[in-house]
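Construct all of the structure, not just a fragment, from the sequences and the given hints.
Top line first, the protein sequences correspond to chains A and B. Residue numbering for the first sequence follows numbering that gives the first Met the number 0, starting at 0 and increasing by one per position. Residue numbering for the second sequence follows numbering that gives the first Met the number 0, starting at 0 and increasing by one per position.
Be aware that one or more of the hints could be misleading.
Distance condition first, Cα-Cα at most 20 angstroms in a straight line; then the derived PhoX-like pairs of lysine-lysine [what the hints assert, rightly or not]:
#1 A:46 <-> B:73
#2 B:73 <-> A:36
#3 A:46 <-> A:5
#4 A:46 <-> A:36
#5 A:36 <-> A:5
#6 A:36 <-> A:1
Some but not every residue of chain A turned toward chain B, in silico, with C-beta under 8 angstroms [unchecked claim]:
#7 25
#8 27
#9 28
#10 36
#11 40
#12 43
Short derived list, chain B residues pointing at chain A, Cβ under 10 angstroms [stated by the list, open to error]:
#13 74
#14 76
#15 132
#16 134
#17 135
Because the hints were derived from the structure by calculation, they are not lab data. Don't be surprised by glycine CBs; every beta carbon is placed ideally from N, CA and C.
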Amino acid sequence: MKNRLKVLRAERDWSQGDLAQRLEVSRQSVNAIETGKFDPSLPLAFKLARLFGLRIEEIFLEDSGQ
Amino acid sequence: MKSLFCMTSNPVERRYVVRMWVAAGLCVVSALVAAVAFRLGHLKDLPAYPVAVLPALPILWALVETGRFLAELKDEFQRNLFIQCLLGGIGGTLAATTTWGYLEDFARVPRLDLVWVYPIFWLFAAITYPVVYQRYR
Numbered sequence: 000m001k002n003r004l005k006v007l008r009a010e011r012d013w014s015q016g017d018l019a020q021r022l023e024v025s026r027q028s029v030n031a032i033e034t035g036k037f038d039p040s041l042p043l044a045f046k047l048a049r050l051f052g053l054r055i056e057e058i059f060l061e062d063s064g065q
Numbered sequence: 000m001k002s003l004f005c006m007t008s009n010p011v012e013r014r015y016v017v018r019m020w021v022a023a024g025l026c027v028v029s030a031l032v033a034a035v036a037f038r039l040g041h042l043k044d045l046p047a048y049p050v051a052v053l054p055a056l057p058i059l060w061a062l063v064e065t066g067r068f069l070a071e072l073k074d075e076f077q078r079n080l081f082i083q084c085l086l087g088g089i090g091g092t093l094a095a096t097t098t099w100g101y102l103e104d105f106a107r108v109p110r111l112d113l114v115w116v117y118p119i120f121w122l123f124a125a126i127t128y129p130v131v132y133q134r135y136r
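Rendered as structure tokens:
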């Protein structure tokens, strides 16, 4: 699933490690989510949304053709 | 995932690694104790059973600890990686032991002692780890 995590992170000048620390997950988790290789669970998606002050659908984008 | 092989800063992973090493040590010690007991004590019939089962107890404990580790691991991505490694271990063990079973039946290869199933499982889990990890790089 595509997402805007990299952009949102860059806007706040956060590294993957910074975001991982805020989410209480590993940096590898942030990288996997950011690159669209791993889809987070709903609780983690809500946590991300809360952290960025956005709605989930403003962070995660539905893949085209679905 | 580094927890499988070395120490880590995550307390849950660290606890798991320590317990797995303790279980492995206990398994070796209890196997030696059982071997010596059977050699010196000439155990047979009913008294032989608890001594024979002794080395399996740390293995059961290790499996329980693996389940507990999965339940306690907060990072869902890491948990996902670990589950994939375990599935690789289970699948590899089933494939290898079944294939070997047919080889025993039809090609008369040496019989595989069932005590090797557990190490074979972890061997396949360890082999799966770099494959799974590579997918998420």
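Exercise. Hint by hint, which ones does the structure fall short of?
Worked result: none
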